[in-house]
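Protein chains in written order, with the UniProt record's numbering: chain L, 1 to 675; chain Z, 1 to 675.
Calculated directly from the structure, the hints in this document are not laboratory data.
Hints are not guaranteed to be accurate.
[Unchecked claim] Lysine to aspartate or glutamate pairs mimicking EDC-like chemistry, simulated, CA-CA at most 20 Å apart: (1) Z:Lys327 - L:Glu521; (2) L:Lys489 - L:Glu437; (3) Z:Lys370 - Z:Glu484; (4) L:Lys336 - Z:Glu166; (5) L:Lys649 - Z:Glu133; (6) L:Lys327 - Z:Glu75.
[As the list claims (entries may be wrong)] Derived CB-CB ranges, DEER-like: (7) Z:Leu672 - L:Val62: 53 to 59 Å; (8) L:Asp17 - Z:Asp277: 55 to 61 Å; (9) Z:Asp60 - L:Trp96: 56 to 62 Å.
Backbone N, C-alpha and C fix where the C-beta goes; we use that ideal spot for every residue, glycine too.
Number of protein chains: 2
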Amino acid sequence: MAQWNRSGYFRSSVSRDVNPDLEAERRTASFSVERLTAVLDGGADNTRTRRAMEAVIHRDPVFSREKQYFQSQNERYEAAVRKAVRLKEKMLQRGWTENRPETKYFYRALGGDVAFNVHRVFKNSILALGTDEQIAKWIPLAEKYHIIGTYAQTELGHGTFLRGLETTATFDTSTQEFTLNTPRISAMKWWPGDLGRSATHAVVFAQLYVKGECYGLHPFIVQIRSLRDHLPAPGVTVGDIGPKMNFEHIDNGYLMLQSVTIPRENMLGRFSQVLPDGTYMKRGSDKINYLTMIVTRVEMLWVEVIPALQKACTIAVRYSVVRRQSKLNPGEAEAKILDYQTQQQKLLPLLATAYALHFMNAYVNKFYSKGYTEIREGNFDSLPELHALTSGLKAIITDYCTAGAEVCLRACGGHGYSALSGLPFLYTKVAASCTYEGDNTVLFLQTARYLVKCLAAVHAGQPTPPSVAYLSLTNSRKCWVRTEADLLKPDIYAEAYRRRASRLLSTAAAKLQALIQSGAEEYVAWNRCTVQLVQAAKAHCQYIIVKNFIDTVEKLTNEAEIQKIMKHLCDLFALHGIFSNTGDFLHDGYISGDQMDLVTASYLDLLAVIRSDAVPLVDAFDFTDENLNSALGSYDGHVYQRLYEWAQKSPTNQQVSQAYESYLKPLFQGALSKL
Amino acid sequence: MAQWNRSGYFRSSVSRDVNPDLEAERRTASFSVERLTAVLDGGADNTRTRRAMEAVIHRDPVFSREKQYFQSQNERYEAAVRKAVRLKEKMLQRGWTENRPETKYFYRALGGDVAFNVHRVFKNSILALGTDEQIAKWIPLAEKYHIIGTYAQTELGHGTFLRGLETTATFDTSTQEFTLNTPRISAMKWWPGDLGRSATHAVVFAQLYVKGECYGLHPFIVQIRSLRDHLPAPGVTVGDIGPKMNFEHIDNGYLMLQSVTIPRENMLGRFSQVLPDGTYMKRGSDKINYLTMIVTRVEMLWVEVIPALQKACTIAVRYSVVRRQSKLNPGEAEAKILDYQTQQQKLLPLLATAYALHFMNAYVNKFYSKGYTEIREGNFDSLPELHALTSGLKAIITDYCTAGAEVCLRACGGHGYSALSGLPFLYTKVAASCTYEGDNTVLFLQTARYLVKCLAAVHAGQPTPPSVAYLSLTNSRKCWVRTEADLLKPDIYAEAYRRRASRLLSTAAAKLQALIQSGAEEYVAWNRCTVQLVQAAKAHCQYIIVKNFIDTVEKLTNEAEIQKIMKHLCDLFALHGIFSNTGDFLHDGYISGDQMDLVTASYLDLLAVIRSDAVPLVDAFDFTDENLNSALGSYDGHVYQRLYEWAQKSPTNQQVSQAYESYLKPLFQGALSKL
């Protein structure tokens, strides 16, 4: 018994003895895991840098996540502040900055539970919207955490529709001050992170009124708490919005302003100002604002969203080769659950998706960097395409990763539901990404609106941007697939996806047109097409992702073994997408029922192919045990021991409950005489 | 300001002033909500009884769920024990018993957070598996909570595959005792509810060994904690398995046995016994054991699962007519979000599903009661059909309700993600139902195995049970739908579902047969067909649910208005299912692409029809505010006020955090001289 009951044993990142069932999976890898990791990192140098930074973080006990699953909301908040302050120290010590590519490495190592992310948005908004004087005054203070800021935009009654925000800022020429007010409960600022218990300042968005006239939404710097004693400033009501499904380490807050005055200089003035006499001045285009939104969406994908799916896959795949359950062959030992086709069907397409999204993200970052430079130079030509692309991809990628994390959780049976598996944490956290930085349905519709415009341009013979150029291609009527092997040709499935995206868009656009021509008002017509427009936008994004996966695989010519397994994953991703949406492809007879049977067969065969490399494929994501923080997913596969060790640390085993003394003890007296 | 800042205002179940946006929805109901509630309750008398019981529960502050979202795992456990003990008092006072139909009313009123559910399983297992003497000894003690029992079956390494359980019970003729052992870590009992911190006794399943021979799994009553001081009995290691995604009110536990001895009489002996000389005796059939499993699955659907979806729909639908966001018509006020087609598409099919499942559940209960009586009388003929039906329905209903609760959560934007919406609680709790009482994939495959047998019987010209009789019908080749109106004929869509279920089963069975004939071993062939077999089982269940909805609507002839709206819901449920699985219907050309366009049009038109009755339809579920425990879903629709009032009660606003004093205060000093 003592043999498996060792303590102090489980926290080492790589144990010397690996569960033999897991080790066996690694011995038969068809490719070098280390080289694939380098491919994912964009080079072995990056891998080295990343690991070095991760080691720094993991060595420091302040950053430990050991107690995370046992902490209350209060404890998680306190730990997150402690980590943020420590991280700032580390960054100063080591010369790490937020603007270098390595940023992502320390956020990756931290696993996300760190405070003051919205403080960064506060800073960025001053940098983007402030005058040079404002930047010079506020940024150094914010840099050193001498003040903590938040970005107070969303209100209790308004998230998506910014023009509807109700907070007011009224200028008084006699005092040279703005007076800010929350006119009714729906106008309370609600949700801003770092607001509930930390922030001393906020960039508050409010409707600007001067001399009775409304000039629309503008940003103002407002001090909300004293720097001496942290009490709310006069007229300010501020607090925490309470428990959430996750993100309890963040003090999302509420803010109510009652006649709070700020000096004229506190309106962020790069694009508009109010002069002392009350004259309103607008200067330049504030289109650059879109860029802030785009950069946040691009960043969140690699900081929080895609890693969540990759971690969930790592945990579920490793567990699925350690867990044995039932006998596949009556004469043999119980089978690894990953040997069941139904388990493969749950996890392996997700593994393919995790790779597809990683590569998609790499592309978007390149595309974004190029666009960013142009836009900073005042050339806004690429802005609509960049906005449409990042909107749709944010929506589809967060959808994929949320659904995927949930499948991983459920695929681990009861143990997946234990917080100690790490999966409830991953799922409940990534689920929020479908809403923050833009509700996914709203974002898909933004992409759809852009696509409808592009289609009109195609019909008018006008040129279209690269990502939608495919809309002008002519469509063949039938897919010519005859064998399963044909289906493994990227041209074949790319064309099927392209055609489907094109058809769904045309159908939705035609319906829209027909409704308008039959006399419906445009907004009514648009609303009546939105279900189909969302479908079209999704199909567009899926085509982009498939196409990008194909292109990525083609470029891996120097890595034959890796290219081979990535080609399999690309095939699996594409065929799984067809298998899961057969109707879209069968609808107009482009693919026939018989051909669809080939898709099914080919897809199921691929599962078995990927199966044998499943563990090496998740190993290549190269998450440390600290990073996964999962009793089921650790590198050494000692699942049951870890569950037992970790459970013993739970407060439910450390704290005495009054339940026994108060309620049970008196009852048990009744049995004493009888047993 | 003070006008909306009243406290002590929000806890009344029905406020006098209802949000006008919500009230307007109720004024235009096409039917009587009260009469529909009576239909759902199975008669107005039941409604009265239910409301009276709910009032008793809600009046007692012990049962209050006001603090639930702010409680730690320890606090939730303690509250659940307190409630269980109080409930027992109430039952004794009022003469409520667990065996009467009213049971469901008090469980409904409690909202589920009550301890000692597995204690009930402990009792039931003694009743089913114990001898009369054992029943006489243990049941009275358990009834009065003089002992608390648990049902210790699942082990760390074994859930699904019971034969693989590793705990041993070895009989020693010299001492007349069984010695129980946990031979290795994977054999620890893990997950049983009420075990971690409460139970004094357990029914432990262990492999029985007598004189070196193994007789397989048997149940034993084992005392695990002292009745005097609640300390673990000698040789017993017991504790709590720690935090979970939800169910933190339950002390799911672990149990390790090291040479724990119990008297011979403690083996539950209705179906097998060990005589003093070590002779093993088996008597009668223990097929009746299946009945315990079936009854638990049937019960959980109405106790926990279907109400979760109904509550989630109530919250999301009410919120969606109170929340206004963006302008649908540029000239008008912001629109209620339920007026957006995309929001309707999320919520209204779920509303239809909630009704479909309610009616399905009513049917299953009737079917089950009939079968139960026959089986108790020793006639096991209906057992396979009952088992297959309840397995598949448990799986599909928990799938529907879990996915549905998640959609409701996401459909409420950021506020849905707040614990105060009640939706995270509903989702994280119902999600567990996909795993407990049988993993859904495993259950679908059990149904599929039964269906494959039935199909073989059909081919052999043998008779089939009623629920699968449809497999012997011949299939028409084409659907004859020509207009949207045709699609609203139940015969039409029922036939489409029937045909699809039949085709998917035939395809999977044919593949299975072909693989076996080509020389594959049966278990290999079965595994290679499981993805398609699961599809077939799902299609079967969906057909059964659609058919039952149609039958239910037909019988509502005395309630013309209710019949009309239920018919719309039935149409919506059926057409949404086709719209979401178009490929299954297009595959063999039974429905053409053009016909599918009619399905889409008809489905989208129905959304607008149901929209106008959406609020009355959720009102008819008749959940009290206490029951919903949601700041977004209360009857009066004062959403924003409640969010604000409730947030103020959060411990994050009541407890001082060290974060400011320890980490922030020193930093803020740096700004004092500069601001």
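A quick look at each hint next to the structure:
In summary, the hint linking lysine 327 (chain Z) to glutamate 521 (chain L) is supported, as the alpha carbons are separated by about 14 Å, within the 20 Å threshold. For a cut-off of 20 Å, the pair hint linking lysine 489 (chain L) to glutamate 437 (chain L) is broken: about 37 Å separates their Cα positions. For the given pair, lysine 370 (chain Z) sits about 40 Å from glutamate 484 (chain Z) by alpha-carbon distance, which is inconsistent with the 20 Å threshold. Restraint check for lysine 336 (chain L) and glutamate 166 (chain Z): satisfied, since their Cα atoms lie roughly 17 Å apart, inside the 20 Å limit.
Proposed proximity of lysine 649 (chain L) and glutamate 133 (chain Z) is contradicted: the alpha carbons are some 41 Å apart, above 20 Å. Our distance criterion of 20 Å between C-alpha atoms is broken by lysine 327 (chain L) and glutamate 75 (chain Z), whose separation comes to about 42 Å. Separation of leucine 672 (chain Z) from valine 62 (chain L) is about 26 Å and departs from the stated range, judged on CB atoms against 53 to 59 Å. Aspartate 17 (chain L) and aspartate 277 (chain Z) have their C-beta atoms about 46 Å apart, which leaves the hinted 55 to 61 Å range violated.
Between aspartate 60 (chain Z) and tryptophan 96 (chain L) the CB atoms are about 57 Å apart, so this pair conforms to the stated range of 56 to 62 Å.
Hint violations for this structure: numbers 2, 3, 5, 6, 7, 8, all remaining hints satisfied.
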